[in-house]
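Enquirer: Each chain is listed here by its residues.
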Amino acid sequence: MKKSITNKKLTVALCAGAAALLIVALTAVASGAAGLGGGSVPVEKSRPISIAAPGAGTATFGVLRPATAVGAQQLPVTVQTVLANPPASNAADASRGTVTAFGSRSAGLGSEIGVAEVDGGLCIFAAGADYQGAAVGSCPSLAESAAGKGYVAVPGLSPNSVRIVGVVPNGIANLAVDSGENGTVDRTVSVTSNLYQVDLAEVPTTIAGLTRSGEQAFRIQLPLDQFAG
Amino acid sequence: MEAHLLPRRLAAVLAAAALLLSIITLLGPARAEASNGSCTFSEGWTCDWTGNSWPKDTKLWFESADGNNERNWLAVYGSDDAGGSVYKCSGFKSYDGGEIPQGCSNTGPSYISIPSNRRPGWVYVVHHASGPRTIHGRGLH
Chain A
1 MKKSITNKKL
11 TVALCAGAAA
21 LLIVALTAVA
31 SGAAGLGGGS
41 VPVEKSRPIS
51 IAAPGAGTAT
61 FGVLRPATAV
71 GAQQLPVTVQ
81 TVLANPPASN
91 AADASRGTVT
101 AFGSRSAGLG
111 SEIGVAEVDG
121 GLCIFAAGAD
131 YQGAAVGSCP
141 SLAESAAGKG
151 YVAVPGLSPN
161 SVRIVGVVPN
171 GIANLAVDSG
181 ENGTVDRTVS
191 VTSNLYQVDL
201 AEVPTTIAGL
211 TRSGEQAFRI
221 QLPLDQFAG
Chain B
1 MEAHLLPRRL
11 AAVLAAAALL
21 LSIITLLGPA
31 RAEASNGSCT
41 FSEGWTCDWT
51 GNSWPKDTKL
61 WFESADGNNE
71 RNWLAVYGSD
81 DAGGSVYKCS
91 GFKSYDGGEI
101 PQGCSNTGPS
111 YISIPSNRRP
121 GWVYVVHHAS
131 GPRTIHGRGL
141 H
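Protein chains in written order, with the numbering used here: chain A, 1 to 229; chain B, 1 to 141.
Keep in mind the hints are simulated off the structure, nothing from the lab. Some clues are possibly wrong.
[Unchecked claim] Beta-carbon label-pair distances, calculated as ranges:
hint	chain 1	residue 1	chain 2	residue 2	range
1	B	Lys59	A	Glu181	25 to 31 angstroms
2	B	Trp61	A	Ser158	24 to 30 angstroms
3	A	Gly62	B	Gly67	48 to 54 angstroms
Since this is a predicted model, take the numbers as computed values, not measurements. Positions of the beta carbon are idealized from the N, C-alpha and C atoms, including for glycine.
If we strip away everything but chain A, and leave its shape as in the complex, we get (with noise of 0.2 angstroms):
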């Protein structure tokens, strides 16, 4: 009698003790998906990309184009993160975060670059194999960018240089680059549906923009010495 009772509360005890361990597994991989992303910002990760009518935006950018779900898809999908969730959007303001018009072209093998009108402002947008995958940006407002504001700094992708992504507004053809603010234009760099990209040096610049008959429509400075080692 004794022995039974012995081999009962042993049973009991190990079913326990297994129901505890299977409890431990469960959690751990229960919170390890969460930890990697698996809901716990669900409001941020259910937001969809969020489409109205084009804004005043696509009177000055010609590469802007009204935006649709089927153009937004054939996006990289690192875009489409930042233009379902961008900048200015946050769950307590559902009416920002609306994107009215985009457009983008190839820039060199694997890369594109591109330009979303989203709240009113502009994000312009770098994405593919030059940045290991990923997609670099910034947003100005819609007035910086129409004064050759707007453009996105990349340091780092080759030694002692920065990368200038930037949206220009209708009517700029060239950029005159000026490395060291030493009074002497460096080079040309084209623009090709309002979007450029150039490799500049990491010392005080000044680019200015041209338009097809040379004529100088803005002039802006970048302190790319700041990303001097």
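Assemble the complex: chain A is given as a structure, and chain B must be docked to it using the hints.
Expert: Frame of chain A, contents of chain B only:
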């Protein structure tokens, strides 16, 4: 002590230890994102570094209370109040030790969107100029 009691006691000890581990594991994630001196976790991670002065190129990592900051980050955004004179950048360090290129801006917010094959990892924002200023970061995972 009777020999047949040893396995029973061993099983009881194992069960108690396993239950304790369960409780610790269940409570762990809640504590990790509960609060932090510079970050809040209501929607993604929103981190603020205000009025500090740090050397040029100092990376400001997103930190949770328990120091476990490795996540499957989707994107990170950086903004500041420094105006057009200073670049603020968003960055990501992969679990494999490599970093993807920073996205930098001296106008609106900068951002990077991280490809799935480089996750999980850690995110940060950085100013590439020294001086006292404020910078804000927002990370989604």
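Enquirer: Please name the hints from earlier in the document that this structure breaks, with their numbers sorted from lowest to highest.
Expert: Those not satisfied: there are none.
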